[in-house]
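Student: Single-letter residue listing:
Protein chains: 2
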Amino acid sequence: MKLIEKELTEEKIFKGRLLDVRKYTVELPDGKHTTRELVVHPGAVAILPIEDENVYLVEQHRFPIRKNLIEIPAGKFDTPNEDPLECGKRELEEEIGKKADEWIYLGYIYTTPGFSNEIIHLYMAKNLKDGTMNTDDDEFINVKKLKINEFEEQIKDGTITDAKTITAYTRAKLMGGI
Amino acid sequence: MKLIEKELTEEKIFKGRLLDVRKYTVELPDGKHTTRELVVHPGAVAILPIEDENVYLVEQHRFPIRKNLIEIPAGKFDTPNEDPLECGKRELEEEIGKKADEWIYLGYIYTTPGFSNEIIHLYMAKNLKDGTMNTDDDEFINVKKLKINEFEEQIKDGTITDAKTITAYTRAKLMGGI
Numbered sequence: 001m002k003l004i005e006k007e008l009t010e011e012k013i014f015k016g017r018l019l020d021v022r023k024y025t026v027e028l029p030d031g032k033h034t035t036r037e038l039v040v041h042p043g044a045v046a047i048l049p050i051e052d053e054n055v056y057l058v059e060q061h062r063f064p065i066r067k068n069l070i071e072i073p074a075g076k077f078d079t080p081n082e083d084p085l086e087c088g089k090r091e092l093e094e095e096i097g098k099k100a101d102e103w104i105y106l107g108y109i110y111t112t113p114g115f116s117n118e119i120i121h122l123y124m125a126k127n128l129k130d131g132t133m134n135t136d137d138d139e140f141i142n143v144k145k146l147k148i149n150e151f152e153e154q155i156k157d158g159t160i161t162d163a164k165t166i167t168a169y170t171r172a173k174l175m176g177g178i
Numbered sequence: 001m002k003l004i005e006k007e008l009t010e011e012k013i014f015k016g017r018l019l020d021v022r023k024y025t026v027e028l029p030d031g032k033h034t035t036r037e038l039v040v041h042p043g044a045v046a047i048l049p050i051e052d053e054n055v056y057l058v059e060q061h062r063f064p065i066r067k068n069l070i071e072i073p074a075g076k077f078d079t080p081n082e083d084p085l086e087c088g089k090r091e092l093e094e095e096i097g098k099k100a101d102e103w104i105y106l107g108y109i110y111t112t113p114g115f116s117n118e119i120i121h122l123y124m125a126k127n128l129k130d131g132t133m134n135t136d137d138d139e140f141i142n143v144k145k146l147k148i149n150e151f152e153e154q155i156k157d158g159t160i161t162d163a164k165t166i167t168a169y170t171r172a173k174l175m176g177g178i
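In order, the protein sequences belong to chains U and Z. Position 130 of the first sequence, counting from 1, maps to 130 under UniProt numbering, and the rest follow consecutively. Position 13 of the second sequence, counting from 1, maps to 13 under UniProt numbering, and the rest follow consecutively.
Read the hints as simulated data drawn from the structure, not as lab findings. Be aware that a few hints might be false.
For identical chains, the list gives no copy identity; a pair is met inside one copy or between any two copies.
In the DSS-like style, the derived pairs of lysine-lysine whose C-alpha atoms are separated by at most 25 Å in a straight line are [claimed, not checked]: (1) 126 <-> 156; (2) 12 <-> 2; (3) 144 <-> 6; (4) 76 <-> 23; (5) 6 <-> 99; (6) 67 <-> 12; (7) 126 <-> 12; (8) 67 <-> 23; (9) 12 <-> 32; (10) 126 <-> 144; (11) 147 <-> 173; (12) 173 <-> 156; (13) 99 <-> 23; (14) 89 <-> 144; (15) 12 <-> 23; (16) 6 <-> 76.
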């Protein structure tokens, strides 16, 4: 069965500081019309930083879920066409104060394709060296260092719940990087 | 450092057929105020259905990314307090026409904690038997069956890009289920 949905109209619903919400009418595969609502996202990068047998993680309060989460460093593109690697380098240094000499691309993921076009490019960063930590004004972060086997255990036991963090681990593991 | 953000005000921005967008003012850990915008989500369930050495997947057109994606069966709670297992049973049967005698909980993930509270509960379903496929009116699905090793290869090589699908695989693998 052909599954494609054809865009008929676009309506801008809300453009805030973070969210860009739009509503579309589309033609379904059976010719009927329906509406689709979605959050337009610029794209993002997440980085798995490895040093010896350790991984660096960040603890952040995530207001949408009212919890602190343990995640790999990540950040949005400054512009929709930003180079993912440049974005990754900037975010790694801003969030954990490290640069890296070796960058290995782990492919991309869609986090929530039902209601947003968010794509996250995943990298592994190795051969770390000191840089300058510099978080945004409204961004508060505790940097954590875990042994890779502890990191794996926390993914297994459900302590780590962040999808981009788990997928970066999976791709790195399957590709033989950790 | 204490990281919590205190909610001060809530404003309802948009309530559509799918999206519920709200804006908050919050007090940051340093006492300053900022705004947070987010998509309120009812929660969801995703199911990794295993039969012998095969996994069942669904191919769907995802309008937000203008692509067909290969994913495990999944669906949103009908109500915010719906029992995850009941939701999983409903979605598995609706999307691939199968019931299961064995359900193994794989924990939960947050898909996009930067701008939504979406939580997805993950299950592995085994001992499958025939049920009745019954998709929503605007939902068109091709059911796919892959060998587990092909599924793993497609996660590794980037053919499979859906975060909930990869995380369900990871938890099942680490927990010894596949």
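Student: Please go over all the hints and tell whether each is borne out by the structure.
Tutor: Against the structure, the hints come out as follows:
With identical chains, the CA atoms of residue 126 and residue 156 are at most 25 Å apart both within one copy (24 Å) and between copies (20 Å). For the homomeric pair residue 12 and residue 2, neither the shortest alpha-carbon distance inside one copy (28 Å) nor that between copies (37 Å) is at most 25 Å. Taking identical chains as interchangeable, the C-alpha atoms of residue 144 and residue 6 lie at most 25 Å apart only when they sit on different chains, with a minimum of 23 Å there against 46 Å within one chain. Proximity of residue 76 to residue 23 under the C-alpha cut-off of 25 Å is found in both arrangements, the shortest distances being 22 Å within a copy and 20 Å between copies.
In this homomeric assembly, residue 6 and residue 99 never come within 25 Å of each other (Cα to Cα): the closest approach is 44 Å inside a single copy and 33 Å across copies. When the C-alpha separation of residue 67 and residue 12 is checked against a cutoff of 25 Å, the pair qualifies only between copies, where the shortest distance is 21 Å, while the shortest distance within a copy is 31 Å. Taking identical chains as interchangeable, the C-alpha atoms of residue 126 and residue 12 are never at most 25 Å apart, the minima being 42 Å within one chain and 44 Å between chains. For the identical chains of this complex, residue 67 and residue 23 are inter-copy neighbours only, at 17 Å across copies versus 30 Å inside a copy, given an alpha-carbon limit of 25 Å.
Within a single copy, residue 12 and residue 32 get their C-alpha atoms as close as 22 Å, which meets the 25 Å cut-off; across copies the closest is 31 Å, which misses it. In this assembly of identical chains, residue 126 and residue 144 lie within 25 Å of each other by CA distance solely inside one copy; the values are 16 Å within and 37 Å between copies. In this assembly of identical chains, residue 147 and residue 173 lie within 25 Å of each other by CA distance both inside one copy and across copies; the values are 14 Å within and 20 Å between. When the C-alpha separation of residue 173 and residue 156 is checked against a cutoff of 25 Å, the pair qualifies both within a copy, at 14 Å, and between copies, at 9 Å.
Taking the shortest Cα distances, residue 99 and residue 23 never come within 25 Å of each other, neither inside one copy (40 Å) nor across copies (35 Å). For the identical chains of this complex, residue 89 and residue 144 are intra-copy neighbours only, at 19 Å inside a copy versus 38 Å across copies, given an alpha-carbon limit of 25 Å. Both within a single protomer and between protomers do residue 12 and residue 23 lie at most 25 Å apart by alpha-carbon distance, with minima of 6 Å and 17 Å respectively. For the identical chains of this complex, residue 6 and residue 76 are inter-copy neighbours only, at 24 Å across copies versus 28 Å inside a copy, given an alpha-carbon limit of 25 Å.
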